[in-house]
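Residue numbers (my numbering), protein chains in the order written: chain C, 1 to 350; chain G, 1 to 350; chain Y, 1 to 350; chain W, 1 to 350; chain X, 1 to 350.
Hints are supplied without guarantee of correctness; some may be wrong.
A pair holds if it fits inside one copy or across any two, identical chains being indistinguishable in the list.
[Claimed, not checked] Dumping the calculated EDC-like pairs for lysine to aspartate or glutamate here, alpha-carbon to alpha-carbon at most 20 Å: (1) 21 - 142; (2) 347 - 196; (3) 347 - 205; (4) 97 - 229; (5) 97 - 255; (6) 347 - 288.
By construction, these hints were calculated from the structure, which means they are not laboratory data.
If you're wondering where the values come from, they're calculated on a predicted model, not measured in any experiment.
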Amino acid sequence: MERASEKAGMTPGSLLFVGEKRLDEAVVRRITYTSDWVREFEFSAANDAFPFESAPAITWLDVIGLHETPNIEAVGSALGIHPLVLEDILHTSQRPKVDDYGDYLYVVLKGLTFDSEAHEFGSQQLSLIIGWGFVVSFREGDNGAFLPLLERLRAGRGRIRTYGSDYLGYALLDVVIDSYFHVLEQMGEVLEDCEEALVGHPDRDVLEQVYRLQRDAVSLRRHVWPLREAVAGLQRAESGVLSGDVQVFIRDLYDHTLRIFDTIETYREMTALLLELYLSSSNNRMTEVMKTLTIIATIFIPLTFIVGVYGMNFANMPELHWDWGYFGVLGLMLGIAFCMLWYFRRKHWL
Amino acid sequence: MERASEKAGMTPGSLLFVGEKRLDEAVVRRITYTSDWVREFEFSAANDAFPFESAPAITWLDVIGLHETPNIEAVGSALGIHPLVLEDILHTSQRPKVDDYGDYLYVVLKGLTFDSEAHEFGSQQLSLIIGWGFVVSFREGDNGAFLPLLERLRAGRGRIRTYGSDYLGYALLDVVIDSYFHVLEQMGEVLEDCEEALVGHPDRDVLEQVYRLQRDAVSLRRHVWPLREAVAGLQRAESGVLSGDVQVFIRDLYDHTLRIFDTIETYREMTALLLELYLSSSNNRMTEVMKTLTIIATIFIPLTFIVGVYGMNFANMPELHWDWGYFGVLGLMLGIAFCMLWYFRRKHWL
Amino acid sequence: MERASEKAGMTPGSLLFVGEKRLDEAVVRRITYTSDWVREFEFSAANDAFPFESAPAITWLDVIGLHETPNIEAVGSALGIHPLVLEDILHTSQRPKVDDYGDYLYVVLKGLTFDSEAHEFGSQQLSLIIGWGFVVSFREGDNGAFLPLLERLRAGRGRIRTYGSDYLGYALLDVVIDSYFHVLEQMGEVLEDCEEALVGHPDRDVLEQVYRLQRDAVSLRRHVWPLREAVAGLQRAESGVLSGDVQVFIRDLYDHTLRIFDTIETYREMTALLLELYLSSSNNRMTEVMKTLTIIATIFIPLTFIVGVYGMNFANMPELHWDWGYFGVLGLMLGIAFCMLWYFRRKHWL
Amino acid sequence: MERASEKAGMTPGSLLFVGEKRLDEAVVRRITYTSDWVREFEFSAANDAFPFESAPAITWLDVIGLHETPNIEAVGSALGIHPLVLEDILHTSQRPKVDDYGDYLYVVLKGLTFDSEAHEFGSQQLSLIIGWGFVVSFREGDNGAFLPLLERLRAGRGRIRTYGSDYLGYALLDVVIDSYFHVLEQMGEVLEDCEEALVGHPDRDVLEQVYRLQRDAVSLRRHVWPLREAVAGLQRAESGVLSGDVQVFIRDLYDHTLRIFDTIETYREMTALLLELYLSSSNNRMTEVMKTLTIIATIFIPLTFIVGVYGMNFANMPELHWDWGYFGVLGLMLGIAFCMLWYFRRKHWL
Amino acid sequence: MERASEKAGMTPGSLLFVGEKRLDEAVVRRITYTSDWVREFEFSAANDAFPFESAPAITWLDVIGLHETPNIEAVGSALGIHPLVLEDILHTSQRPKVDDYGDYLYVVLKGLTFDSEAHEFGSQQLSLIIGWGFVVSFREGDNGAFLPLLERLRAGRGRIRTYGSDYLGYALLDVVIDSYFHVLEQMGEVLEDCEEALVGHPDRDVLEQVYRLQRDAVSLRRHVWPLREAVAGLQRAESGVLSGDVQVFIRDLYDHTLRIFDTIETYREMTALLLELYLSSSNNRMTEVMKTLTIIATIFIPLTFIVGVYGMNFANMPELHWDWGYFGVLGLMLGIAFCMLWYFRRKHWL
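Construct the entire structure; sequences and hints are all you get.
Below, the structure written as structure tokens:
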């Protein structure tokens, strides 16, 4: 929760950055290309990036650093974006969604990273505006996720240079959604480790790890459930921005989100199972501890009573003066101990 | 449950205040504005507030204090409101909903406050009647939530003065829904504190706090689930009262309720997880306690038996008269103790 | 389950009373009214109640006591009711539902009562046939629930005398559904008591009470879920029996059932939470008990061992003859006890 | 699971009996009737039963014993039934369903029986083919369930002789579905016994019984859920086989399946509750046991230590020679015991 | 998770095998048949298999070994398959699905095998392209699952030679889906063994087996849920590839997937129940252990105290010198022991 409450009472659509500043200098990159050429520019203010070159050139404007609100405002006014969209771009706790504004599509979703050492995952909000002949992406910081795509653009490999701006938008979404697979694979490994550790011998550390996994799965699901809806929304978008050719790719994207969702659901159920297994295992261990105590105590407590009896100082205790008294008592106690052991074995406690 | 049963058997639509009286004096405020001017009035009886000025002037009638039923009746007869609506306004345990009466929309929802010291949250019912050129709001008391909006009206900032009464209605709803974010953020902080405390060392206080959090999440969900439906209902409202321009803002509002609902669901799952973690942790602690007892008892109980043996008063106990008897027994017992410790270490109890 | 199996193999639509006989004498009351006058009759056989007076007079036939099957048969043949409806009327374990037979609506639902002393709630089946100009209600017994409505009819207060038979039907349903609020309020109070008791100190009685509450909530939900569907079915009923004016009231009724359902769901979740809290609390108490035992035992068992050592009767035990031997051992034991206490404090067991 | 895997790799529609043989001799009964007369025949081979008499005579062919596959094949070829239907008839682990083949409806469902002594329930598959002027029923064995219906046919009571073959089909379904109520009532009684036993004192037998109930409820639900869908499918069947008159009865049938489903759901929740109650109760009992141990042990362990002290054989122990030493120690121990008891009472352990 | 992340950043539709190599030599088999003849070929490169013979001959191309990507590429270019389909074929962690490309249907699903010794199940991805006059199947390896079908093709039994390529596609799917029944039957047997073992006496091994079953059920469900959707998708496929005759068989296939899904759901609930039963049983056993300890300890601890008293060495202890002192104390202790036993019996601990 990034202090969404601070905006309470303000005019809807007012531009205020709600989130964490992730880099010092905001940067605006413009890549314009046709099937023949690619040109790249870098600006510090978004104003300088306009106007875009006309068709058939396609422009990708990559706005990095949301704390620089004038950049977002400039893009908004240059392209005629609705104020509520601009507000959403600046508000980094958006729910993934797709809004169809006729002339352009507004897509917002989260990119994921997983820090395998700290067992924590981070998320970064990506907003996309997909219009005729241009795509604008807004990011909190540059984590290098778009580099392979940029390479493909520069090299002219694949369809990316020959298809339209809708395909570029799809390609950006594809990169972000692929980042989930990476995170899920790492979580899957931790899950397997936990399972092995639990079967071996369960201790408190495993409990905390399983707990953290489940918490992460719950939290991930919160991101992925609306993501699924959002991509499904892209499929249904009536806006003409997405051509039929790209719809096939969007369907593929939707399959990916389904797979991600399935995996998260499975993780959730698995970790819940592990927690139950832990509880049962730790119950088992307690029973084992108790059995040990009970066996030792129930054998020796009666014996200790017997030796106590013959430790009494009564003047008149005939057994004490019998010659075989001591050895008789030792024998008696041995017999009692054996009876007890036999009883425990019959009860499957040994 | 505020004694809804007291109304059983009465004519539906009969006006009886069901709730808690939150302030002494009922007040009716009327704010009338166009894009050029704003005029504010304050009355003690709703009757004096009528008639409203005609278009293009827009009137916001803010009725504070529901225990003064004649005020509600006066508004109802002046504006031709259905008796069931008036009954619902007075009944403060309404489920959030939107009813479309063609000429006007009736919206009822709950504003939230969170008392961070007592860890309790309060709710206040807000009813809105959104008609052509006017909005009437009914509140149980004045908690200052609408002050920033009033400021914006007076200052003429943003769209509020230039858009119609539907936008005013939306703005009022927006203020109320934003109050949920504030409450959720505070709950989130308590949740994090609990989590930390549980991982540190779990005690009874944390249990109660987690329990209370979960109870609150369950209870909040009860408010937010129908809220979501209500705002979705606003989107689908066929009444012409809401213009297309405002529908975009309603969609934004709907996104907010989705976000609120997601967060509450996450809190519910998190607190359920915390309860499980608590159970597991407390099980762990019990095992630890039991292990300590078992180790001490299983070492010393057999030893105590041995010393008991040589405390017996039999006349014929040869060992007692051996010179090294005492030290031999001491050594034997030391050996037994070491065996036991080795056994416990092998079992990972130490 | 009231022996529904006894009807197996019989012709569908055969009239057999399945239920418990709640009163000795079956009674049939007929109230006929227009906006000008009200006339009341009481018969012991339903046959005498026909024919009804013609429009605009509206007739309410209140058939009390279902064990008198000829009465039901007489109503059925006089008004042309489908045999399956008559069978359902006599079968007191119906699921709440609305069946639209074109000429008339058949509504069946349960009225609730709560015995606050025995903490048990009872239910009574009410069947309504709503036709043009008449309403027939069938009840197992007379619990006085319809008295306030009768009063309103006699006094001519409210809309009841001026609206049609559909409004009368609605008014009867409203009375029955309001009875749920009463039950829910009483359950809510028991719930609060339980919660307080659990936080104070949990004992077996509270467990049973919480269990019973949850069982009641599960069982209530079974009644209310189809009730909700039934009232929604009334809203969608295509039969012309319900006029547009009354539909607004039906919508209000639907809101009530939603509120009832929400409350029951909340109760269910709350009681489930309470059961978990109970389990955790009782776990806590066990740990506390175990800790006490462990502390006492681990302090005194080693000490008892030591005194046992010096109780041995070996001839050669040098310490026994040292002058300060006794006091030295006492001091040693004091030291051990203090070490133990320090250890327990460090482990937060004290 | 009756070895459905054995059919893997075979041509779909190949006729192989998958199930358990329940009777030695397969029998085919043919009952042909009009409103005026009834004629009954019994054959050992289905071939002899054809052709059916023409309209208005209605024929019910009751094929008992599925292991005699030629009978099924003969029916199939004589009436032109699809091979997949014949395969399904022979495969006794079908899911309840309705398939509409235009000329005829294929309905498959399970009849239930409950062995109240062994607390086990059995199921038998019934397949129905409902066509114009005929109904064919296929059963694994004859459990007498259809006897009352046969009686009604012979006696000409009710509608059965005057309505068409669709009503006959409905009547057969009605008999089967009524068998569920019988089973549910018996389960309900077991459930109540368990509840009482649990509240009294919970032991292992009750646990197993509750477990078995819950398992049965889970398993029953597996049958009833698709049954509900199947009957709903009958309601929606576009085939003209079911006339409008019979649709009213089908709706009644649907109500019955809803009631059955509700009851099973309630049983499931109740048994889950009972398991939780059992767990809590058994926890309680353990705490009680532990408290007893703790009280006894914490009172006597310190006292035993004290008497151990004065059992030591030190030469120099001044207290031993005081005249009132013995009685002083007795008094001291009494005092300690009382302090302990007071402490336990304050902690509500006594 | 088979390293789906490695594809991040690559052009969508690029051909890279993601999975495990299951055999050394990739093989391509071509079976071409009409109702009159069957011809079989085997190639090592897919290129050699083209072109297919023209209608009415039907060709089944069985591509075994996905690591040989040129084969897949060759098929793709020869038949004009969309690049995304080829990518999906090579990616062995697909979700079961059906994609309708107009000219052909792309179906992907998992075949299951169960290793009953290791209690593990394996899955193999099968991709099918069903077009006019041909079916191409892509498999990771050859597990002999299609042998019976091949036999039927060669022998000309059943419909397979007379129906079109759509029926061949259906027959392949049918084989794969039947493999689930086999796995489920084996799981069912393990489940029954576990249940018996749990009721007998629960130990750690059973716990692990139940855990593994539940994990498998969760994991299976992940496969079967989308399988169900996929087969339902086949039913709705608007492509003309599937003729009306085959649709009846697809409906049968859908019934099978429903039955599989029901069974898995039941297994899930059953194993969850078994886990709960285990927990309760192990709780019971702990209580039994504790009771034994408590009974022994509470009987002997007080007695040991008494004998300790008379083991004290006070000079002045009058009882010691009474003639009947020793026997009196023995009698007293016997009495105390009997009182204790009576008390335990009254509490139902014995």
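Legend entry - Copy assignment of residue 97 with residue 229, given that the CA separation must stay at most 20 Å: The answer is both: 7 Å in one copy and 18 Å across copies each meet 20 Å.
Inset, instruction - Evaluate residue 97 and residue 255 at a C-alpha cut-off of 20 Å and name the case that applies: within, between, both or neither. - result: Cα proximity of residue 97 and residue 255: in one copy and across copies (17 Å, 9 Å).
Inset, instruction - First find the shortest C-alpha distance between residue 21 and residue 142 inside one copy, then the shortest across copies, and answer within, between, both or neither for a cut-off of 20 Å. - result: Within. Shortest intra-copy distance 12 Å satisfies the 20 Å Cα cut-off; inter-copy 37 Å does not.
Legend entry - Identical-chain pair category, residue 347 with residue 205, by Cα at 20 Å: between (34 Å within a copy, 18 Å between copies)
Legend entry - Intra- versus inter-copy proximity for residue 288 and residue 347 (alpha-carbon distance at most 20 Å): This pair counts as both: shortest intra-copy Cα distance 14 Å, inter-copy 10 Å.
Inset, instruction - Indicate which option fits the pair residue 347, residue 196 if close means a Cα-Cα distance not exceeding 20 Å: within, between, both or neither. - result: Result: close only across copies, 18 Å inter versus 31 Å intra.
Of the hints listed earlier, there is not a single one the structure fails to meet.
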